[in-house]
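In order, the protein sequence lines correspond to chains P and X.
FYI, the numbering for the first sequence is 717 to 1022, going by the working numbering.
FYI, the numbering for the second sequence is 717 to 1022, going by the working numbering.
To be clear, the hints were calculated from the coordinates, so they are not data collected in a lab.
It is possible that some hints are incorrect.
Because identical chains share one entry, a pair is satisfied inside a single copy or across any pair of copies.
Below, in silico cross-link-like pairs of lysine-lysine (DSSO-like), each with a Cα-Cα straight-line distance of 30 angstroms or less [stated by the list, open to error]: (1) Lys947 - Lys904; (2) Lys993 - Lys868; (3) Lys726 - Lys836; (4) Lys898 - Lys937; (5) Lys947 - Lys888; (6) Lys910 - Lys947; (7) Lys924 - Lys937; (8) Lys836 - Lys947.
The chain contents come next:
There are 2 protein chains.
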Amino acid sequence: MEQTDKNLLKTIAGISGFQVGRAFNLRKDGQGVERHSTPNVKINPKTDKPGIDIIVAAHAQKESVHIPVILTQSGIKDMVYNDFYIGEGADVEIIAGCGIHNDGCDASQHDGIHTFYIGKNAHVTYIEKHYGEGDGNGARILNPTTVVHMEKNSTCEMMMSQIKGVDSTIRKTQMDLAAGAKMVIHEKLMTHGKQEAHSDVEVELNGKGASLQIISRSVAKDESRQVFHPKAIGNNDCRAHVQCDSIIMDQARVSSIPEISANHVDAEIIHEAAIGKINSDQLIKLQTFGLSESEAEAVIIDGFLK
Amino acid sequence: MEQTDKNLLKTIAGISGFQVGRAFNLRKDGQGVERHSTPNVKINPKTDKPGIDIIVAAHAQKESVHIPVILTQSGIKDMVYNDFYIGEGADVEIIAGCGIHNDGCDASQHDGIHTFYIGKNAHVTYIEKHYGEGDGNGARILNPTTVVHMEKNSTCEMMMSQIKGVDSTIRKTQMDLAAGAKMVIHEKLMTHGKQEAHSDVEVELNGKGASLQIISRSVAKDESRQVFHPKAIGNNDCRAHVQCDSIIMDQARVSSIPEISANHVDAEIIHEAAIGKINSDQLIKLQTFGLSESEAEAVIIDGFLK
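Okay, chain P solo, but in the shape it has when bound (with noise of 0.2 angstroms):
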């Protein structure tokens, strides 16, 4: 494995190489290099388009899987589909993520659209971070689709991030959830230069005693624009709670739409939201303990985004 590999998988999936022993899948330039499928965790490569079929066994126990994604040839597209079938009462982590490292001046990118189906009673964290790099002028572009449906009781942790260097993303989000099913979304984003980033999430809560939560938190600096249209349905007695924070910066742009809905009496639905700047007392607090302007910023950016 070449070392800009390396470090974009370490970057996106905290990992330095292939996953000996565990389930395994390593995607690049649109091709699968690498697979392993565990007693618990089969990843099967689709048969009619790119992508792979991941079962999770009913009732398997602290089960993890990496499905990393990397580009490191200028110019490619690629697009990828994932399904994901969580078998009723199985518990995982899957850690996702896709890496571009682009040195050339045509665009590289990956649209990859997952879909789970999570059984009753099941429990799935999800980790996905996007990144890019590289010198070339070539844009990094990452378009992701998550759908996710979850069965009775089932619930889910999604940690979707942008770290940085992802020159534009639409990101989409489609959700329905069933009795007693729990959802949380925590959404981290920070866009600079001139990039571009658009985050749609709809989440239908159909189900008494379904919840949701979503966090979302961004930094827009430089030029970059973003905007947030998270939709919360609510169908049933269910609870939803949505909360967007943005700070911003320099000549960036900002605009959050969050839409709420209730069609049921016991429906109970809240949505908070912010724009703003970073905080000046904070600023101003850390340049008394010595640091540049710079530093102090790049200090609360952290702490917001961490």
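Chain P is already provided as a structure; the job is to place chain X on it using the hints.
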């Protein structure tokens, strides 16, 4: 004046007849029926289309003007253009409002397009109540459009409420604020039966130090449907706070789609929205004081929309 007219005027404008010696314009069933100007508040009928120009002299203080509209004929469709020119430094209270009494089976509709030109340092208080009544099955429809241009350091407080009995409403409000301009909007809305209410509010904060506060409260009963779409756009060093709270009852449905956009690093914009049913602790407490469930609900709703 007929008793029906008097009752409508009482409900929408707190008056029981013509306002002698005060600036006043009464429109009934698509016709102006009474009009007075005062030295500082001129009311002129438009010559090119239905409606009036209301011109408040610069530096005039503690002025007030009543411009109620009533519809009592079934099947009337009335559209009116009212323009308000508020001179520099003037201070005026404007009491508008529309009441429909419809005993027939044809729809009665009033569409009022109000445009405000608020001069430097002027202060405007605007009160608008919408109300419908009558035994007929003809719909009562009110579609107000409110456009406000605020000059430097002007201030405006708008209290817009839909009390009850309005079958369908599409409320459109559009505002632009120059430096130091301050707008406070209180919106109150109650729907019942199969009523539908849409409210779009768009405010552009263009000048340094402009500020906006929107406090929207609504109650949706029976099978009624409400959609709120407030939009605050910060194009300069400015502050905006948008708050939407809705109580949902029975089979009603409520959607809240606020949009906050910061296009300037010093724009600080906050939004909060909540939709839920009546607090059951409050209900139980009032019932222990001897109120029936419906009486207790009425007390809570009155307090919420007060």
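Status of the hints after comparison with the structure:
In this homomeric assembly, Lys947 and Lys904 come within 30 angstroms of each other (Cα to Cα) both inside a single copy, at 17 angstroms, and across copies, at 24 angstroms. For the homomeric pair Lys993 and Lys868, the shortest alpha-carbon distance between copies (24 angstroms) is at most 30 angstroms, but the shortest distance inside one copy (41 angstroms) is not. Taking identical chains as interchangeable, the C-alpha atoms of Lys726 and Lys836 are never at most 30 angstroms apart, the minima being 33 angstroms within one chain and 59 angstroms between chains. For the identical chains of this complex, Lys898 and Lys937 are inter-copy neighbours only, at 29 angstroms across copies versus 33 angstroms inside a copy, given an alpha-carbon limit of 30 angstroms.
Taking the shortest Cα distances, Lys947 and Lys888 sit within 30 angstroms of each other both inside one copy (11 angstroms) and across copies (22 angstroms). With identical chains, the CA atoms of Lys910 and Lys947 are at most 30 angstroms apart both within one copy (26 angstroms) and between copies (25 angstroms). For a Cα distance limit of 30 angstroms, the shortest separation of Lys924 from Lys937 across copies, 21 angstroms, qualifies, whereas the shortest one inside one copy, 41 angstroms, does not. For the homomeric pair Lys836 and Lys947, the shortest alpha-carbon distance inside one copy (24 angstroms) is at most 30 angstroms, but the shortest distance between copies (40 angstroms) is not.
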